[in-house]
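Each protein sequence line maps, in turn, to chains A and B. Per the working numbering, residue 1 is the first one in the first sequence, and the count goes up by one each step. Per the working numbering, residue 366 is the first one in the second sequence, and the count goes up by one each step.
Bear in mind the hints are in silico, worked out from the structure with no lab data behind them. Among the hints, a few may not be true.
If you want a taste of the chain A side facing chain B, the calculated C-beta under 8 angstroms gives, among others [stated by the list, open to error]:
#1 ALA69
#2 GLY209
#3 ASN215
Here are some, though not all, of the chain B residues that point toward chain A, as calculated from beta-carbon distances under 10 angstroms [claimed, not checked]:
#4 ILE419
#5 VAL424
#6 VAL428
#7 MET434
#8 HIS443
#9 GLY444
#10 ALA446
#11 ALA482
Heads up, the beta-carbon is just placed ideally off N, CA and C, and yes, glycines get one too.
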Amino acid sequence: MGELKLMKGNEAIAEAAIRAGVDAYFGYPITPQSEVLEYLMQEQPEERTGMVVLQAESELAAINMVYGAASTGKKVMTTSSSPGISLYQEGISYIAGAELPCVIANVVRGGPGLGTIQPSQADYFQATKGGGHGDYKLYVLAPASVQEMADFVEDGFNIAYKYRNPVMILTDGMIGQMMEKVELKDQKPRWTDEEIKKMSDSWATIGKGNHRERNIITSLDLDSAKQEKHNHHLQKKYRQMEEEDVRFEEINCDDADYLIVAYGSSSRIAMKTLNLARAKGIRVGLFRPITLYPFPMKALNKYIGQVKGILSVEMSAGQLIEDIMLAVECKINVQHFGRYGGMIHSPDEVLQALETLINGGNNGR
Amino acid sequence: MDVKEIIKDENLVYKKTSLMTSNVLSYCPGCGHGTAHRIIMETLDEMGLQSQTIGVAPVGCSVLAYDFMNIDMIQAAHGRAPAVATGVKRTRPDKFVFTYQGDGDLAAIGTAETIHACNRGENITIVFINNGIYGMTGGQMAPTTLEGMKTATSPYGRNLRSMGNPLKITELIAQLPGTYYVSRQAVHTPSAVRKAKKAIRLAFEIQKENKGLSFVEIVSNCNSGWKLPPVKANQWMVDNMFPFYPLGDIKVDGQLVNAQ
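The following block holds chain B by itself, in its conformation from the complex (with noise of 0.2 angstroms):
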């Protein structure tokens, strides 16, 4: 059979959305971000929200989320970016306010603007990406990075009594009264991916609502940090970063799951 006889109209399964631009991504090989753009940019296409979306970009490998992210963008200073989403929010109260934040963003240098803008409700959407290390920079130890973890900046592993504990930032803020949808997916497997679609299209569809601050995490990979190659970086992904962040809704309407 020729290639032109199948490409027809109805044998199309799947096809990129009008939300993701044309160009290449800047990510590795494997990574999670491509995948992680994709089902946000999916959603608000489904949802019919190109218009009214402004997305907040942050400083680390997705600094230039806006190269690929077809809607109107702002590239926020390193930590940043809940801090510029409550600016627009508050503002533009009819819009719809995202941010993309990876772990160091969030959860070392970001951490007072992340909890405030959960505190305070924000009613934005916060998604965040958690590799357990700084990919931008060099594959240097970042606040999520699990005990031993060898990085370019704790080379003999990460030792918790001179390095600290890796942060569940997401547990911290699911504590909060602002916050109203907490979530934690990945992306490294078929039904990861339509798991965590459905948790971005909860979160935004929350904000529609105004029902205050929606937040999903989504623990990645980072191959060329974590120095595995594709398939074995996400194997140690299981291994070894969804025991300490076990995937799952963590609050729902409000409420935390499994609370005591």
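Chain A extracted, bound-state conformation (with noise of 0.2 angstroms):
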């Protein structure tokens, strides 16, 4: 068993980092996510691993430095929220174009704009859906806890290297500043340079030696046959995804004719919901996507023909409901509830909504 700590979402993200033997770290403050940057100062991570921590002067340039260290195949990872990571896009999609894995973590808060900084779930579609220019996904982990924060740090270099590809971690405020227990791993080496040499001599960019052809990261091809064929090489790593990489949770959905579906922070309010509603005698099971992307179509697709509805609750206007009806192919009515622009709806708003729905009422989507 690793060690028991009581801590912040974004204390545990940071501290996570290190114990994974992250190499660098690219930051700039916001809220609600500045924790992060500030632990990882306190903490002095060059001492305890030779883990590099940097204060960038800009999103854009936070993200760019986070391009220029994944491009010589080290471990490298940056947490912002909203309004910065909206400021990120260029360089994820030159990361994703270019092929190179790191993490990304989106404490996200309230928009759009400069909006508000109290939680929100409102960059689903900016998260899932590529969120820069051109055609590119992003593996979405979603987090409901302090120790999923904790455990999706190296979870998502697992997937970042397995595919060369970028992985975000799509927390809220709400997790990112709530403290609970974690127990923590222990600490990992970080990657020797001879260690990265074996794994990305063909790819990175760490000298060209007279073995091998100069590296070149780049995601330019004026050759639009060639940038074609690339983009079918992306195309076929996100089916991947979608066949090997896919994580949800399932909780009392067995008997279920109705289903709440809900992820990260909703899904936690979403829990006391289930509870309440179960204690009035309704069938209604939660079903939380872990991945938003690559989302869980198969395994909601077999509910249709079990339960009669299904309400989305998500702290936006409704993003998640969309993947959703995809789903069940608009073959189970599907509802939207949720708060949004910082607001977080309460459990027994949530019993409220499930209700209309099952009474056959409309939650307004």
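Given two chains presented individually in distinct reference frames, assemble the corresponding complex, making use of the accompanying hints.
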């Protein structure tokens, strides 16, 4: 058993990064995730493991530092929050195009614009549908606890290196700021330069020796036929993710007449609703996507014929609901409920919406 | 005398460095990029740095620099090369890292990245090609475009009141404590090429000694963008660019040259 600590989600992600043997973190302060950079600066990981931590001059610079460090095969990570993640999009698109592994966490706050500093889940589309320009996908993990904030750092790097693709941990201000018990894994050593060379010499820019041609990290190909071929290759990776690396959790779904589908913070709230509803005799289950991309399409699709209705619960005006409707081919009555703009729904509000759905009402969408 | 009799080892006075690939340069005839590429690659070759070097290419005419430079290279987003180079150098301090950027890339969209990388004193080398115009996109006004200079987006000449002033970014970054060596050179004559190569060599040696950021500007031509034949473009550069962007060292050993 690892070390038990009481930590904020933001601190857990930072400590987990050190312990996962991450080589570098580049970031820029923004509420509600500044504790990540603060914790790392306080901990002096350079002394603990040799991990580099640098406060960049902007989010634009931070994501491009990630791009540079990842180009050399190093394990590199960054975190930000919604307006900052919007600024990251250019860099993320380049990183996806150039096929670089890295982990990016978005501790989401309410928007649009400068919005609010309170929790939100309104960046779902941005995270799961690409976000920047071009056809690409991030592998998106949605933690629902401080424990998962910590665990998903290493899980994220495993996926990032399996596919040479950026991974996003899509969390929010609630889980980032919330304190919970977390079991931390033991310190893993950072990869040595020799290990990186063995793993990544075929693509990483670590210096051209006589044994190989030069390596080039780029997303550019002016020859459109080649660019299309490159896009085919990217799409093949995404199809493989959809086959091999979908994650989800099903709670009390076996006998369910109704489902609540929710991820992250909303799934925590929905857990309480589940208990309230079950006490009232309503047979409802909670389906929690853990990967938002690839979305658990097949797992949700099998509820066609079993459940009479699905309530999509999300701190947004309705983004997750579109993937649910696709998954169930619109053959189940799917309704959205959620507060947004930084407001958080209560378990009672979710129960009320569920009862509206059950009683043949409409929750507005 | 037959050509075959001339091609002998003892007659060889100059050859292409193996650090330049054999790809045909995509630059316009008369452009300074090819010469600038060559002296950088020759210097890396002479210093035996190929296996340790990571270059960062910008967006602009030299976006495809990696087609010609036979080293590991990263293509950066527009203006972000100094941040990319920072990411490389911070995680690979034993490697040799340089960026190669044009004026639009370095002094307009990437001004923040340039200034902050310089101010942090990152141990990298920045080579800055200043031809006062956006070449790649078809000759639009750049931050370094001179007063009155006609471009595709200043067809009646750059008007300082409405379009702002040409930016002497090199003098600006020379003021920052993180820069150790700052020089402005050109590659339009054999003697200028020799001087520019000497500056590149010094810049790279400073990086090897971890003394801070070294920065070499190369004032160059853009005969296509300036709409002049190559020789006239060079003359125009001497007559107009050099008075505003005077050649020579600006900062040496961390001290401003000509400091009052």
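Any hints this thing doesn't respect? Which numbers, in order? Every hint satisfied by this model.
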